[in-house]
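First residue of the sequence shown? That's 1 in our numbering, and the numbers climb one at a time after it.
Be careful, since some hints might not be right.
[Unchecked claim] Straight-line Cα separation of at most 20 Å, EDC-like style, residue types lysine to aspartate or glutamate; simulated pairs:
| # | residue 1 | residue 2 |
| --- | --- | --- |
| 1 | LYS110 | ASP83 |
| 2 | LYS40 | GLU88 |
| 3 | LYS108 | GLU23 |
| 4 | LYS122 | ASP65 |
| 5 | LYS117 | ASP83 |
| 6 | LYS108 | GLU128 |
| 7 | LYS3 | GLU23 |
| 8 | LYS124 | GLU99 |
Hints in this document: simulated from the structure, not taken from any laboratory.
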Amino acid sequence: MTKGTLAKLDGRGRVIIPASFREALGLKEGSNVLLRIDEKNNLLLILPFASNFDELAKIELVMGDAPGTLAKILSILASSNIDLIRSESTAQERGRSAEWNAIVDISKCKRSLSEVKKLILKEKLAREVEIERL
């Protein structure tokens, strides 16, 4: 069943999620949520995202747009015990350049984030790599 309610933004752009909604979705203080915007339908989506025990990081990189490049990057992440939660890739110049963005769980990561970045760059899988904790 779909539920709805009217809410108002406060002066800092915040909105309160009603207790009944939080309970229905299992959201508690400190829960991670993913905000998505659907500009075509003028919708803001708030989705429960990851557990409270996950250590999240954001990865943004520019890579070559060749078959297998992303698979090799994902192999480095997997060997580092980084768990992929969400990702999106977009070809910038078909056959030449692509961007990849991801949210990952690093709570069981075996390497430092700077080591992971160095591995990706060393293998020449990406021209630019940014990894930051969330």
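Consistency of the hints with the structure:
{"no.": "1", "hint": "LYS110 - ASP83", "in the structure": "holds (12 Å)"}
{"no.": "2", "hint": "LYS40 - GLU88", "in the structure": "holds (19 Å)"}
{"no.": "3", "hint": "LYS108 - GLU23", "in the structure": "violated (29 Å)"}
{"no.": "4", "hint": "LYS122 - ASP65", "in the structure": "holds (17 Å)"}
{"no.": "5", "hint": "LYS117 - ASP83", "in the structure": "holds (15 Å)"}
{"no.": "6", "hint": "LYS108 - GLU128", "in the structure": "violated (24 Å)"}
{"no.": "7", "hint": "LYS3 - GLU23", "in the structure": "holds (13 Å)"}
{"no.": "8", "hint": "LYS124 - GLU99", "in the structure": "holds (15 Å)"}
In summary, the numbered hints that this structure violates are 3 and 6.
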